[in-house]
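Asks: For reference, the chains in residue letters:
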Amino acid sequence: MNLWMISVVGATCVENEYKNGESLVVRGLSKSWAAHKALSGISFGQPAGTVFGVAGDNGAGKSTLLKILASVLSRDKGQVTFQGVSLDERTRWRALIGYVPQELALDDRLNVRETLLFWAAARGFSLTERKRFLEVAASDPLISGFLDKPIRECSGGMARRVSLIVGLLGDPLLILLDEPFAGADHHSRQLMLERLDLLRKRGRTILVSSHEEDVLEELCDHILCLQDGELCTRVDETA
Amino acid sequence: MGRCDGLKNGSARKRLQAFWALIKHDLRASRTALLVTLIVVLLVSTLALRVAGQQSSSEDASKQPDLSVSASIIDEDQSILGGLLVNYLEGIRYVTAIYDDTLPRAMERLQADEIIVAFRLPPHLLEEASTGSLRDPIELWLNPRMPAESHQLGILVRQYAAALNYVYGSVFGYQRLYVELGGDENTSWEKATGHSLNTVMMYIDRDRFVKTGDLLSFNLILYALSGVLIVLSLLPAMGVLAGTIRLAGTSYEDRLLVSCGPTSLMAVRLLMGFVWWVLLIGPLLITLRITGVLQSIFAIAFALLSVYLMMALIMLAVGRARAPGVSVLQTGWLVFFLFMVMGGVLYPTSLFPNWLDQGAKFTPLYPAMQTIYRAFLNRGVVPARDVLVTCWPLLPAFIAALLFGRRRV
Numbered sequence: 001m002n003l004w005m006i007s008v009v010g011a012t013c014v015e016n017e018y019k020n021g022e023s024l025v026v027r028g029l030s031k032s033w034a035a036h037k038a039l040s041g042i043s044f045g046q047p048a049g050t051v052f053g054v055a056g057d058n059g060a061g062k063s064t065l066l067k068i069l070a071s072v073l074s075r076d077k078g079q080v081t082f083q084g085v086s087l088d089e090r091t092r093w094r095a096l097i098g099y100v101p102q103e104l105a106l107d108d109r110l111n112v113r114e115t116l117l118f119w120a121a122a123r124g125f126s127l128t129e130r131k132r133f134l135e136v137a138a139s140d141p142l143i144s145g146f147l148d149k150p151i152r153e154c155s156g157g158m159a160r161r162v163s164l165i166v167g168l169l170g171d172p173l174l175i176l177l178d179e180p181f182a183g184a185d186h187h188s189r190q191l192m193l194e195r196l197d198l199l200r201k202r203g204r205t206i207l208v209s210s211h212e213e214d215v216l217e218e219l220c221d222h223i224l225c226l227q228d229g230e231l232c233t234r235v236d237e238t239a
Numbered sequence: 001m002g003r004c005d006g007l008k009n010g011s012a013r014k015r016l017q018a019f020w021a022l023i024k025h026d027l028r029a030s031r032t033a034l035l036v037t038l039i040v041v042l043l044v045s046t047l048a049l050r051v052a053g054q055q056s057s058s059e060d061a062s063k064q065p066d067l068s069v070s071a072s073i074i075d076e077d078q079s080i081l082g083g084l085l086v087n088y089l090e091g092i093r094y095v096t097a098i099y100d101d102t103l104p105r106a107m108e109r110l111q112a113d114e115i116i117v118a119f120r121l122p123p124h125l126l127e128e129a130s131t132g133s134l135r136d137p138i139e140l141w142l143n144p145r146m147p148a149e150s151h152q153l154g155i156l157v158r159q160y161a162a163a164l165n166y167v168y169g170s171v172f173g174y175q176r177l178y179v180e181l182g183g184d185e186n187t188s189w190e191k192a193t194g195h196s197l198n199t200v201m202m203y204i205d206r207d208r209f210v211k212t213g214d215l216l217s218f219n220l221i222l223y224a225l226s227g228v229l230i231v232l233s234l235l236p237a238m239g240v241l242a243g244t245i246r247l248a249g250t251s252y253e254d255r256l257l258v259s260c261g262p263t264s265l266m267a268v269r270l271l272m273g274f275v276w277w278v279l280l281i282g283p284l285l286i287t288l289r290i291t292g293v294l295q296s297i298f299a300i301a302f303a304l305l306s307v308y309l310m311m312a313l314i315m316l317a318v319g320r321a322r323a324p325g326v327s328v329l330q331t332g333w334l335v336f337f338l339f340m341v342m343g344g345v346l347y348p349t350s351l352f353p354n355w356l357d358q359g360a361k362f363t364p365l366y367p368a369m370q371t372i373y374r375a376f377l378n379r380g381v382v383p384a385r386d387v388l389v390t391c392w393p394l395l396p397a398f399i400a401a402l403l404f405g406r407r408r409v
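For the protein sequence lines, the chains are A and B, in the order given. Using my numbering, read the first sequence as starting at 1 and increasing by one per residue. Using my numbering, read the second sequence as starting at 1 and increasing by one per residue.
Just chain A, same shape as in the assembly:
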């Protein structure tokens, strides 16, 4: 099996004790913007090796939930743990997660190769690890065809694929994806779905938000439906 990016750094083993139980545990998570309640008492548990989808209309609180879990936004109330590590232990938490924000968040002055090298270094990869990483990237079907293309010249789908790869740097155990397929063409979408499926099989815990329910239904084990900051339904799907 070709592991591509996911085995670049260190051991890729997942702590088995969480494999069957709940790996990500969210209890009573709330967040308000002044009078507006963005999230209200959200609770759910997600086992390792599963993909959960977060569905909902615009303004339902999908991005807010993912930003809080990515530790880039504070919460008002609630407990969040992943494999026993609390969200309050920020340094340890950030070492465990990979975050792909809704916007591309890439420097369009760089080409894809430079972008990967930059984010690998920013993630703390040593020079040797970065070289190894680039060697692996050269054969990764997600990006291998356009490594020397400047980001500003990449299509929406290409840029989304680069953004996903950047989010997967360091082989994170918890992967948070905020609208990762927005603007991606069918081919790019399929490649990304295949990669996420592969990561699930490798035991990664994946939370992906999207307002495209058909994509979520195709990919996810479970879908969390958000409406006005509250969890409304939980639709079980077979991956």
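No wet-lab data here; the hints were simulated from the structure. Some hints here could point you the wrong way.
Stated by the list, open to error - What follows is a set of in silico ranges between Cβ atoms, one per label pair, in the way DEER data are often shown:
1. B:Val36 to A:Glu89: 42 to 48 Å
2. A:Leu198 to B:Pro396: 49 to 55 Å
3. B:Pro324 to A:Leu134: 39 to 45 Å
4. A:Leu127 to B:Pro396: 22 to 28 Å
5. A:Leu134 to B:Thr291: 45 to 51 Å
For each residue, glycine too, the CB sits at the ideal point set by N, CA and C.
Once you've looked at the hints, dock chain B against the given chain A.
Replies: Same frame as chain A, now just chain B:
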């Protein structure tokens, strides 16, 4: 061993890797601007070299007093008092010339900028002084084209006037003191006389109000050069502000935050500002050192670095204000100009009203401006204490950056 433990162990190394990656990325992004700035700074250094060289050769700082005062005395009735005053003033080391003039002649000298001040002693001053009841005041004309010197002289005159009033109050008021004291007549007489003599001694102590370094001569070129260096030191701090605003709250910053944490982001901005500071200040200081305008550049460099760090730390905090980017940028520039004006970078604070002049001494840039200007007057040499004083604003600025400058989560 768990994965988290492994990550924790290598966390310092990873942070360092991340830090250098961010620095290299920012340096690469600014390389064109850095190169253009370097060329401009080298050109300016060459120009400064010529101007400063001319200025330093025209002055011999070791022979010049700190303050040069030339004055005219207009004694209407040519009394002995006028003569005594001329003799007294001629003996003071910072008085370069004293003219015994008529009023029209003194006005001509003022117009021609030969003198800074003209004193007019009214007729019958001696007779009135002997009785302790002056009817006509002593008049002073100060040169409006020399505001800084006139201001310094005004302070001196006020101090001498206070001492003279004290003498008057003592010498002519001892009878009243005697009445108030009561008791032994001899003791009263001795106390009153002793008190009067003390104040007279205070008055005739010529250097009492002016000690070396208390008053600075005003050299426009060196003052402007000090101001320019401070402005150049402050500009990289505005770059820190711009960088903070540009990234604040963006997904790009979120991603950086997850990758390398908030401390690296702050440290990288400060270090990038430092790179700009070195580029802007380094060549100029080296030029001044090579030309001999400065014997040592360390004191000035230290003070300028302190200025940059202070402002950069403040801008880290300002940049995090929850307001639209344009408003935050405007606030930053407002702070920039306020500090410059109040610190005496644009104009000497002696031009301000007295209360504002006193208040300006407690502003962050004032000690740096004074130290750098003094250093220029002394060819770069200033006491270590004066240099260290420039650091006091760093502590509150550091606290502000720590409290408000970090990316809040």
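Asks: For a quick check of understanding: which of the numbered hints are violated here, in increasing order?
Replies: Violated hint: only 4; rest satisfied.
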